[in-house]
Amino acid sequence: AQSVTQLDSHVSVSEGTPVLLRCNYSSSYSPSLFWYVQHPNKGLQLLLKYTSAATLVKGINGFEAEFKKSETSFHLTKPSAHMSDAAEYFCVVSIDYGGSQGNLIFGKGTKLSVKP
Amino acid sequence: KAGVTQTPRYLIKTRGQQVTLSCSPISGHRSVSWYQQTPGQGLQFLFEYFSETQRNKGNFPGRFSGRQFSNSRSEMNVSTLELGDSALYLCASSWRQGAVSTEAFFGQGTRLTVV
Chain A
1 AQSVTQLDSH
11 VSVSEGTPVL
21 LRCNYSSSYS
31 PSLFWYVQHP
41 NKGLQLLLKY
51 TSAATLVKGI
61 NGFEAEFKKS
71 ETSFHLTKPS
81 AHMSDAAEYF
91 CVVSIDYGGS
101 QGNLIFGKGT
111 KLSVKP
Chain B
1 KAGVTQTPRY
11 LIKTRGQQVT
21 LSCSPISGHR
31 SVSWYQQTPG
41 QGLQFLFEYF
51 SETQRNKGNF
61 PGRFSGRQFS
71 NSRSEMNVST
81 LELGDSALYL
91 CASSWRQGAV
101 STEAFFGQGT
111 RLTVV
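Each protein sequence line maps, in turn, to chains A and B.
Here the first sequence is numbered in the numbering used here, starting from 1 and rising by one per residue.
Here the second sequence is numbered in the numbering used here, starting from 1 and rising by one per residue.
One chain only, chain A, in its complex shape (with noise of 0.2 Å):
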């Protein structure tokens, strides 16, 4: 069965210092694993997908993410923090093999907070 663990359920980093998530995940075969961002009172929004091609993958907004098979894990990550970074992640695995996106696990969730 397919599951991810986020780590911590809430991450505070002061403006300007690096962002780390982490995020494990388990699968019975290569899995497609993606991170979202839920900002306060609005959708979701994809900010990067792995898909069995490069294991770094770069997102949007300056975000990427390392595939590491021998750890199981998919860490999220971004050099510098800014203040409109601050909501919540979800790491997501996709249950479908080949990794269509109708049916999707979500971890607990991840609140980043941002400190001037």
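Calculated directly from the structure, the hints in this document are not laboratory data.
These numbers were taken from a predicted model, which means no experiment stands behind them.
Every residue gets a Cβ at the ideal spot worked out from N, C-alpha and C, and that includes glycine.
Treat the hints with caution; some may be incorrect.
To be verified - Covered stretches of chain A, going by a simulated chain B footprint (3 or more residues, C-beta under 8 Å):
1) 40 to 54
2) 102 to 116
Claimed, not checked - Straight-line alpha carbon distances no greater than 27 Å define the calculated DSS-like cross-link-like pairs of lysine-lysine that follow:
3) A:K42 <-> A:K111
4) B:K13 <-> A:K42
5) A:K108 <-> B:K57
6) A:K108 <-> A:K49
7) A:K49 <-> A:K111
8) A:K69 <-> A:K115
9) A:K58 <-> A:K69
10) A:K69 <-> A:K111
11) A:K49 <-> B:K57
12) B:K57 <-> A:K42
13) A:K68 <-> A:K58
14) A:K108 <-> A:K68
Here the structure of chain A is known, so what remains is to put chain B in place on it, guided by the hints.
Then chain B, alone, in the frame of chain A:
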């Protein structure tokens, strides 16, 4: 291009009533999925429809049902509402052909409160 539209945005219902939520996908998208978001359980998959057929169903009781119309618009229905059904219900649409699909685009959700 219009995004995913969910109506209504907010809804208050009484225990025991039923409710119908609507989702209009992005033009050309034939896959529509529904999710429930609560503080306790997080985001959970309800079901997915493609070309008017339910493809997948999550682990929810039979009180939760859905359908999709020929224009790809989808509705979900919850009968005999319980207090625990209070949640944000999100709809997502994607273009799909076989196992290939675009990213899922989410609507802003319908906030259902059961009193």
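Quick rundown of the hints versus the structure:
Requiring three or more residues with a Cβ within less than 8 Å of a Cβ of chain B, the coverage given for the region 40 to 54 of chain A holds, as 7 such residues are present. Only residues whose C-beta sits within less than 8 Å of a C-beta in chain B count toward coverage, and the region 102 to 116 of chain A has 8 of them, enough to reach three; the restraint holds. Between A:K42 and A:K111, the direct Cα distance comes to roughly 15 Å. Compliance with the 27 Å bound is thereby established for this hinted pair. For the given pair, B:K13 sits about 23 Å from A:K42 by alpha-carbon distance, which is consistent with the 27 Å threshold.
At roughly 20 Å between alpha-carbon atoms, A:K108 and B:K57 fall within 27 Å of each other, so this suggested pair holds. This hinted pair checks out: A:K108 and A:K49 have alpha carbons roughly 18 Å apart, not beyond 27 Å. Straight-line distance between C-alpha atoms of A:K49 and A:K111 comes to about 20 Å, which keeps the hinted pair within the 27 Å bound. For the hint pairing A:K69 with A:K115, the CA-to-CA distance comes to about 33 Å; that exceeds 27 Å, so the pair is violated.
Distance check on the hinted pair: A:K58 and A:K69 sit about 18 Å apart at the alpha-carbon level, within 27 Å; holds. Proximity of A:K69 to A:K111 is assessed by CA-CA distance (about 25 Å); at most 27 Å being required, the pair is judged to hold. A threshold of 27 Å between alpha carbons decides the hint, and for A:K49 with B:K57 the separation of about 23 Å falls inside it, so the pair holds. Pair hint B:K57 plus A:K42 holds up; C-alpha atoms about 25 Å apart against a cutoff of 27 Å.
Only pairs whose Cα atoms come within 27 Å are accepted, and A:K68 paired with A:K58 is accepted, the gap being roughly 15 Å. About 20 Å separates the Cα atoms of A:K108 and A:K68, which keeps this hinted pair within 27 Å; it holds.
Hint check: a violation occurs at hint 8 only; the rest are consistent with the structure.
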